[in-house]
Amino acid sequence: MSGKHLKCVLTALAAAFLTLLPALAMAAEAKKLNPGNTAWMLTSTALVLFMTIPGLSLFYGGLVRSKNVLSLLMQCFAITCAVSILWLIYAYSLAFSDGGGANAVVGGLSKSFLKGVTVGALQDDIPETVFSMFQLTFAIITPALIVGGFAERMKFSALLLFSALWLTVVYAPVAHWVWGGGWLGAMGALDFAGGTVVHINSGVSALVAALLLGPRRGFPETPMPPHSLPLTVAGAAMLWVGWFGFNAGSALKADGTAGMAMLVTHMSAAAASLAWMFAEWARYGKPSVLGIVTGMVAGLVAITPASGYVGPVGALIIGIAAGLVCFGATTYMKQVLKVDDSLDVFTVHGVGGFLGALLTGVFAASELGGVGYAQGVTMGGQMWVQFIAAASTLIYAGVVSFILLKVVDGIAGLRVPANEELEGLDLTLHNETGYDI
Amino acid sequence: MRLITAIIKPFKLDEVKEALHEIGIQGMTVTEVKGFGRQKGHTELYRGSEYVVDFLPKIKIEVLCEDAKAPSIVDAIRGAARTGEIGDGKIFVTPVGEVIRIRTGERGEEAI
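So the protein sequences, as listed, match chains A and B.
Note that this note's numbering has the first sequence beginning at 16, numbered continuously upward.
Note that this note's numbering has the second sequence beginning at 3, numbered continuously upward.
To be clear, the hints were calculated from the coordinates, so they are not data collected in a lab.
We put the CB at the ideal spot given by N, CA and C, even for glycine.
Do not rely on the hints blindly, as some may be mistaken.
Over 12 Å on every C-beta distance to chain B, these chain A residues come out as not near it, computed from the model [as the list claims (entries may be wrong)]:
{"id": "1", "residue": "Ala117"}
{"id": "2", "residue": "Ile332"}
{"id": "3", "residue": "Val414"}
With a straight-line cut-off of 27 Å between C-alpha atoms, the simulated DSSO-like cross-links for lysine-lysine are [said to hold, decoys possible]:
{"id": "4", "chain 1": "A", "residue 1": "Lys301", "chain 2": "B", "residue 2": "Lys42"}
{"id": "5", "chain 1": "B", "residue 1": "Lys36", "chain 2": "B", "residue 2": "Lys62"}
{"id": "6", "chain 1": "B", "residue 1": "Lys19", "chain 2": "B", "residue 2": "Lys71"}
{"id": "7", "chain 1": "A", "residue 1": "Lys82", "chain 2": "B", "residue 2": "Lys71"}
{"id": "8", "chain 1": "A", "residue 1": "Lys301", "chain 2": "B", "residue 2": "Lys36"}
Please put together the full structure from these sequences, using the hints given.
Below you can see the structure in the form of C-alpha cells.
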C-alpha cells in the first residue's frame with residue numbers, strides 16, 4: 016500500500032471510530048453507576064428509615080396512654096426488623112421482579128434471597144442494593160402505620176403474624192402494580208412516592224382493623240388523652256424531615272425533579288399545618304399543637320403521590336385542601352361515626368392519600384405548574400386513571416385486610432383480654448413499664 | 003398531739019412553707035394530689051375528642067404538732083394559702099395516737 020493510500024485508510028478508520036465513539040460511550044453509560052445519584056439515594060434510605068424509627072414510633076408513642084407507650088415502640092421496632100427479613104427472603108422479589116405471566120398483578124421469586132443483588136448490580140444508574148434498601152424502608156413504614164388503628168388493644172403475636180401476611184399479600188402486590196411493572200403503572204397512574212402504595216393501603220387497612228377489633232374499652236366516654244405530646248411533636252418533626260427522603264428520594268436521582276419534590280413536599284406540609292390549625296381555631300376556639308402536627312401529616316400524605324409532578328402553587332393548594340379535608344374527616348369519624356381508629360390512620364392517611372391521588376391528576380397539568388400529561392392524555396383522562404388507582408388499592412387492601420385479620424383471629428386471637436387492656440399492654444404483654452418515676 | 007392536713011392550690015406551696023417557717027415549724031410532708039370541691043374542672047380537646055377533666059391538681063401538706071400549737075399553724079396556713087377564689091382548699095385537724103422517731107426511738111412530744 017502506498018503512503019498516501021495508507022493515510023486515507025487510517026483517516027477513514029479514525030473517522031469511523033470517532034463516529035461510533037458516542038454510541039459506544041452511551042451504551043457504556045446506560046449501565047454506569049452515577050455517584051451523585053447513589054449518594055443521594057443512600058441518604059434518602061437513611062432518612063426514610065428514620066421516619067419509622069424513631070419518627071413514627073415517637074409520634075404514635077406519645078399519643079397513647081403511658082401504660083401502652085412501650086407497646087407502640089415495640090410494635091414499630093419489631094415490624095422494622097421482621098419486614099426487613101421478609102424483604103430479603105421474598106418480598107423484594109414479589110414487588111419488583113418480573114412475574115412472567117402474572118406480571119400485571121405480582122412479581123415472581125427470581126430475586127428471592129436477593130439473588131442477583133450483588134455489589135456491582137445496578138438498578139438504572141444506582142446500585143440495586145441501594146434501590147432495594149430504599150424500597151424496603153417504604154415496606155417497613157406502611158405496616159407500621161396500620162398499628163395506629165388498633166393501638167392499645169392488639170395482641171403482639173397477632174400483630175407480627177398480621178404484618179407479615181399483610182406485607183406479602185397486600186403491600187408487595189400493590190407496590191408491584193404501581194412501581195414494579197404492574198397494571199397501574201402500565202395504565203399511566205401517577206404515584207410518585209406512594210400515595211396509594213403506602214397511604215391508602217395503610218389507611219383503609221387500619222380502618223378495617225379498628226372496626227374488626229372494636230373500640231378500646233371505655234371509648235368514647237372515658238378520656239384517653241395523649242400521655243406525652245412532646246414525644247409526639249418530636250416524632251412529627253422527624254417525619255417532616257424524613258419525608259424529604261421519602262418524596263425527593265423517589266426521584267431515584269439527585270436532580271431537578273428531586274429538588275422540586277423536596278420543595279413541594281415542604282410547602283404542602285406548611286400549608287396543611289396552618290390550614291388545620293386555623294380550622295381548629297375557628298371551630299373550637301383554640302389552636303392546638305396536636306392539631307398543627309396532624310395537619311402537617313395530612314399535607315405530607317397528600318403531596319406524596321404528587322411530589323414528582325406538581326409545582327409550588329399546586330403544592331400550596333394540595334396542602335390547604337389536605338389540612339381542611341382531613342380535619343373534617345377526623346372530626347366526623349370521632350364525633351359522628353364514633354369509630355375508634357385510635358390514631359386517626361384512615362382519616363389522615365387514607366383520606367389524605369385518596370385526595371392527593373386525585374389532586375395529582377389535576378395539578379400535574381402544565382398550565383397549573385405541573386410537569387404536564389403524557390402524550391394524548393387529558394386532565395379528565397388522568398383523573399380517571401388516578402381514581403382507578405386509588406379506588407382499586409382501597410378496595411383490595413380493605414377486602415384482603417379483612418380476610419387476613421379473620422385468619423389471624425382464628426390462629427392467634429386478635430385482641431387482648433379486658434383485664435390486660437385495662438392494666439396496660441406494656442406490663443401485660445412485655446413485662447415492662449415505660450416510666451419508672 | 004395533732005395532725006394538721008391542708009389541701010391547697012399548688013402554686014401556694016412556697017408561701018405556706020415560708021409562713022410555717024416563720025412560726026417555728028421545722029418539718030412537713032407534701033404530697034401531690036387531685037381533687038375537686040366546688041371548683042369546676044376544665045375541658046381538653048384532642049383531634050376532635052373532647053374530655054371534661056373534673057379532677058384538679060392540688061398539694062396536700064401534713065404537719066404534726068403539740069395540741070397548743072395547732073391554732074397558730076392553722077392560721078398561718080390559712081393566711082398564706084388563701085386567694086379568695088373558689089378552690090382555695092381545706093384544712094383538717096385530727097388527733098394523733100402515737101408518734102415515734104425512727105432513728106432514736108423517742109416517743110410522744112419529744113418525737114415531734
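Against which earlier hints does the structure fall short, listed by number upward?
7
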